[in-house]
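Participant: Spelled out from the first residue to the last, the chains are:
There are 2 protein chains.
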Amino acid sequence: MAIDAVLTRIDEALPHALDRLMTLLRIPSISTDPAFKDDCLAAAQWLVNELTDIGFSAQLRPTPGHPMVTATTPGDGPKLLFYGHYDVQPVDPLDLWNTPPFEPQLQDTPKGKVIRGRGASDDKGQLMTFIEACRAYKDVNGQLPPNLLIFLEGEEESGSPSLVPFMKEHAAELTSSLALICDTSMVSPGVPSISGSLRGMLKEEFTLMGPKIDLHSGHYGGPGLNPLREISKLIASLHDDTGRVTITGFYDGVHEVPAQQLEQWKTCGFNEAEYLNSVGFTKAHGETGYSTLEQQWARPTVEINGLWGGYQGAGSKTVIPAQAHCKITCRLVGEQDPAHIRTQLREHLEARLPEDAALRWDTSLPGAKAAFMDTSRPEFEAARQALSDEWKRDAVIVGMGGSIPIAGYFKDILGMDSMLIGFAHDDDAIHSPNEKYNVESFHKGTRSWARILEALTH
Amino acid sequence: MAIDAVLTRIDEALPHALDRLMTLLRIPSISTDPAFKDDCLAAAQWLVNELTDIGFSAQLRPTPGHPMVTATTPGDGPKLLFYGHYDVQPVDPLDLWNTPPFEPQLQDTPKGKVIRGRGASDDKGQLMTFIEACRAYKDVNGQLPPNLLIFLEGEEESGSPSLVPFMKEHAAELTSSLALICDTSMVSPGVPSISGSLRGMLKEEFTLMGPKIDLHSGHYGGPGLNPLREISKLIASLHDDTGRVTITGFYDGVHEVPAQQLEQWKTCGFNEAEYLNSVGFTKAHGETGYSTLEQQWARPTVEINGLWGGYQGAGSKTVIPAQAHCKITCRLVGEQDPAHIRTQLREHLEARLPEDAALRWDTSLPGAKAAFMDTSRPEFEAARQALSDEWKRDAVIVGMGGSIPIAGYFKDILGMDSMLIGFAHDDDAIHSPNEKYNVESFHKGTRSWARILEALTH
Numbered sequence: 000m001a002i003d004a005v006l007t008r009i010d011e012a013l014p015h016a017l018d019r020l021m022t023l024l025r026i027p028s029i030s031t032d033p034a035f036k037d038d039c040l041a042a043a044q045w046l047v048n049e050l051t052d053i054g055f056s057a058q059l060r061p062t063p064g065h066p067m068v069t070a071t072t073p074g075d076g077p078k079l080l081f082y083g084h085y086d087v088q089p090v091d092p093l094d095l096w097n098t099p100p101f102e103p104q105l106q107d108t109p110k111g112k113v114i115r116g117r118g119a120s121d122d123k124g125q126l127m128t129f130i131e132a133c134r135a136y137k138d139v140n141g142q143l144p145p146n147l148l149i150f151l152e153g154e155e156e157s158g159s160p161s162l163v164p165f166m167k168e169h170a171a172e173l174t175s176s177l178a179l180i181c182d183t184s185m186v187s188p189g190v191p192s193i194s195g196s197l198r199g200m201l202k203e204e205f206t207l208m209g210p211k212i213d214l215h216s217g218h219y220g221g222p223g224l225n226p227l228r229e230i231s232k233l234i235a236s237l238h239d240d241t242g243r244v245t246i247t248g249f250y251d252g253v254h255e256v257p258a259q260q261l262e263q264w265k266t267c268g269f270n271e272a273e274y275l276n277s278v279g280f281t282k283a284h285g286e287t288g289y290s291t292l293e294q295q296w297a298r299p300t301v302e303i304n305g306l307w308g309g310y311q312g313a314g315s316k317t318v319i320p321a322q323a324h325c326k327i328t329c330r331l332v333g334e335q336d337p338a339h340i341r342t343q344l345r346e347h348l349e350a351r352l353p354e355d356a357a358l359r360w361d362t363s364l365p366g367a368k369a370a371f372m373d374t375s376r377p378e379f380e381a382a383r384q385a386l387s388d389e390w391k392r393d394a395v396i397v398g399m400g401g402s403i404p405i406a407g408y409f410k411d412i413l414g415m416d417s418m419l420i421g422f423a424h425d426d427d428a429i430h431s432p433n434e435k436y437n438v439e440s441f442h443k444g445t446r447s448w449a450r451i452l453e454a455l456t457h
Numbered sequence: 000m001a002i003d004a005v006l007t008r009i010d011e012a013l014p015h016a017l018d019r020l021m022t023l024l025r026i027p028s029i030s031t032d033p034a035f036k037d038d039c040l041a042a043a044q045w046l047v048n049e050l051t052d053i054g055f056s057a058q059l060r061p062t063p064g065h066p067m068v069t070a071t072t073p074g075d076g077p078k079l080l081f082y083g084h085y086d087v088q089p090v091d092p093l094d095l096w097n098t099p100p101f102e103p104q105l106q107d108t109p110k111g112k113v114i115r116g117r118g119a120s121d122d123k124g125q126l127m128t129f130i131e132a133c134r135a136y137k138d139v140n141g142q143l144p145p146n147l148l149i150f151l152e153g154e155e156e157s158g159s160p161s162l163v164p165f166m167k168e169h170a171a172e173l174t175s176s177l178a179l180i181c182d183t184s185m186v187s188p189g190v191p192s193i194s195g196s197l198r199g200m201l202k203e204e205f206t207l208m209g210p211k212i213d214l215h216s217g218h219y220g221g222p223g224l225n226p227l228r229e230i231s232k233l234i235a236s237l238h239d240d241t242g243r244v245t246i247t248g249f250y251d252g253v254h255e256v257p258a259q260q261l262e263q264w265k266t267c268g269f270n271e272a273e274y275l276n277s278v279g280f281t282k283a284h285g286e287t288g289y290s291t292l293e294q295q296w297a298r299p300t301v302e303i304n305g306l307w308g309g310y311q312g313a314g315s316k317t318v319i320p321a322q323a324h325c326k327i328t329c330r331l332v333g334e335q336d337p338a339h340i341r342t343q344l345r346e347h348l349e350a351r352l353p354e355d356a357a358l359r360w361d362t363s364l365p366g367a368k369a370a371f372m373d374t375s376r377p378e379f380e381a382a383r384q385a386l387s388d389e390w391k392r393d394a395v396i397v398g399m400g401g402s403i404p405i406a407g408y409f410k411d412i413l414g415m416d417s418m419l420i421g422f423a424h425d426d427d428a429i430h431s432p433n434e435k436y437n438v439e440s441f442h443k444g445t446r447s448w449a450r451i452l453e454a455l456t457h
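Note that the protein sequences, when read in sequence, are chains A and B.
Numbering-wise, numbering that gives the first Met the number 0 puts 273 at position 274 of the first sequence, and it's gapless, one number per residue.
Numbering-wise, numbering that gives the first Met the number 0 puts 321 at position 322 of the second sequence, and it's gapless, one number per residue.
Keep in mind that the hints are not guaranteed to be accurate.
Pairs count within a copy or across copies, as identical chains cannot be separated in the list.
[Claimed, not checked] Subject to a maximum C-alpha distance of 25 angstroms in a straight line, what follows is the list of computed BS3-like cross-link-like pairs (lysine-lysine):
# : residue 1 : residue 2
1 : K282      : K211
2 : K265      : K391
3 : K443      : K137
4 : K36       : K167
5 : K78       : K167
6 : K110      : K211
7 : K112      : K211
8 : K282      : K265
Everything labelled a hint here was simulated from the structure, so no lab data went into it.
Predicted model only: the values in this text are computed from it and were never measured.
If we strip away everything but chain A, and leave its shape as in the complex, we get (with noise of 0.2 angstroms):
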């Protein structure tokens, strides 16, 4: 079988394929810091040669941000697009790796053999496995899967603002029979996953105003108004003692786990317990009631990401800042709305001002709703059957924590349906320092895909 012959070249050549990622892993490509602009440049162009290299035709498509990548293969047949993304977030705090973040490092550890470096997991390890499945594909069959598209942008970690617009403007060409994206994890490692839903995404970023400049708090401390205590209570008013939201209407569309979808979860794989201890918890923060995995893939939430002001270097300084600062993002699930929770997250802290005091709003991004796939088409069952053969287990559908706004995009704007299927582990510290990607995640990905393809395009 030609499958048998793709997966021993994936094997054989899995050293050259680690290598090729890890040149890709030294382009540090941030998409949210504007003096990273010339990097995320380099890391589309680095995937434009590989991807013509391996026989696509590829190309840099030019955004007002940075720029998507395009790659098509000819042929009959349903057509396929691969999304993922080449950016990757910022490393800070730079002091907390154990090595440089865009140096990658191939490591050994109780767990097995990692590759360590910013992006590793998210988005470029991933995205690798699915390049480098059609290379081997290539390899073995001499040419590559039929009528397929990879599709991958370098603004996803930075909330995709040119993306719709492009999708918009290239409807047409985009537009396939079902979008593959593998930028998820697995319930728990060994257990292939297949993503049934992911949380919606709004940010926010505010700059509470009180006096007209900092202030000696000898002098004022008393009469003057101090934005980092009233930016405190402000955030401290978002959630009550149960660790629900308190803003009017947040819960609007949000509904309850079906019973029998949480007993599926219940033996799904997930270890609670790990996944907490891991990190340094011994038991689940959030809303009282409700379970970790409801917590994480049935609940919203209102997170502080950045909380900022006043003085902040060695030793002390006796100010009152004129400002203080603060980053927010809120998971969404069910038909929550993000223009409607904007609105409310606003009006609530609004109306919690004291007197002499303002706020600024220095967001203006369009958030993304809940997304939901559509698990009855016969794609999702021959996806399941392929990770089950690869993975010698049955793979699961789950939810999913995360927001990946593009499934949403694809969706509203397309009218296409996703099918989002990843390798990564929990414990795989993306966004954190000392980020990494299970070698077996990126080997039995790669093989994964490579079965995936076989039974989508046969």
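Given chain A, work out where chain B should sit, using these hints.
Facilitator: Here is chain B on its own, set in the frame of chain A:
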């Protein structure tokens, strides 16, 4: 009269005195930041050289931190000590300065000519008023005032860690009949003010530690404990809705201001509306039921001076950070005991920590109790008369919201009273960007000290 000749000499030599101040202001002697250690030494050495030039017997006195400067004159009569500090506050946020902080400039403003730069007021400009008065006195009289001891430190803005050990070691040398301190402001422009009390100070800094590593808010948003949310709740818990501090026992030793004193404060020339409006406030934001002056001079505070954690860069990062940080200062009044307040503050915060979080206390400096001056001493009446003569307006005894722990140390360690006379304005922006000192404060401040020296040494 000799005093008239001294005053004339001060008037004539003003341009040279300003030049000397500018030279001192160009030295970035930021004591809290170890990067400026050599600059602190340079400032101290510059003062030793100047004082030696004038005729003092001046010395650089090493400490484990930044050096002290001492300078003496021979002679009989009651020994007078003058205290000031040559170190300055950090300059951040640097982007809010209109001119470089260590390139001082003379500027014309609607309220008169000012010296602009870090330390112009606090405390280089103020301490130089005394030194320039001594210089003019010498120029006219051929010798310096008798039995003076100038004592300057370089750690006032960083908690004076070397001060108490130095005072204890050199108690006999330092003990004088009275300490003169020039580090305070006038209650209103043109109203000469002698401080009758100072608030005490306690500094705390802590880190709230949550997860073992930074987490992805998609994966752990919900079940994950967020240190930024938790630190906000801790800070919000420190005050009730009336602005009263909620720490158990915090108000032990705090007394209400006697009605008679409140009456005096009402007529001391303080312009409450201008004081608040000048920095953007329409009202006093401290404890309900207390006037601005009570909140500033007679009520204790818990202020947040720095707060930070998570991502602060451009764009967004969907992180739940492992840690959050906070710098706190308390201003103390009455008999409040800083050691007791520290214990109670820490207990208050520890008791409100959720499971899986811990606090690390990052400070260990001793605090300082509030200080009260013995205004019944005859030197106070003599100084009041001298100040009233100079400013053509009755000098007033006022409270002070700031903390100058040295006054308490002088009393507790050396049994010595202090007299605090300063010429700063409330809008000098000390500890803030664009710090300034009015040339009138510098000029008439120098003249004031000449008059006071004349009154106290004859």
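Participant: Work down the list of hints and note, for each, if the structure agrees.
Facilitator: Here is what the structure says about each hint:
1. K282 <-> K211: Classified as between; 14 angstroms across copies, 44 angstroms inside a copy.
2. K265 <-> K391: within (20 angstroms within a copy, 84 angstroms between copies)
3. K443 <-> K137: within (18 angstroms within a copy, 88 angstroms between copies)
4. K36 <-> K167: For K36 and K167, the Cα distance is within 25 angstroms only inside one copy (24 angstroms; across copies 59 angstroms).
5. K78 <-> K167: So K78 and K167 pass the 25 angstroms test inside one copy only (18 angstroms; across, 85 angstroms).
6. K110 <-> K211: between (54 angstroms within a copy, 18 angstroms between copies)
7. K112 <-> K211: between (55 angstroms within a copy, 22 angstroms between copies)
8. K282 <-> K265: within (17 angstroms within a copy, 57 angstroms between copies)
Violated hints are absent here; each numbered hint is respected by the structure.
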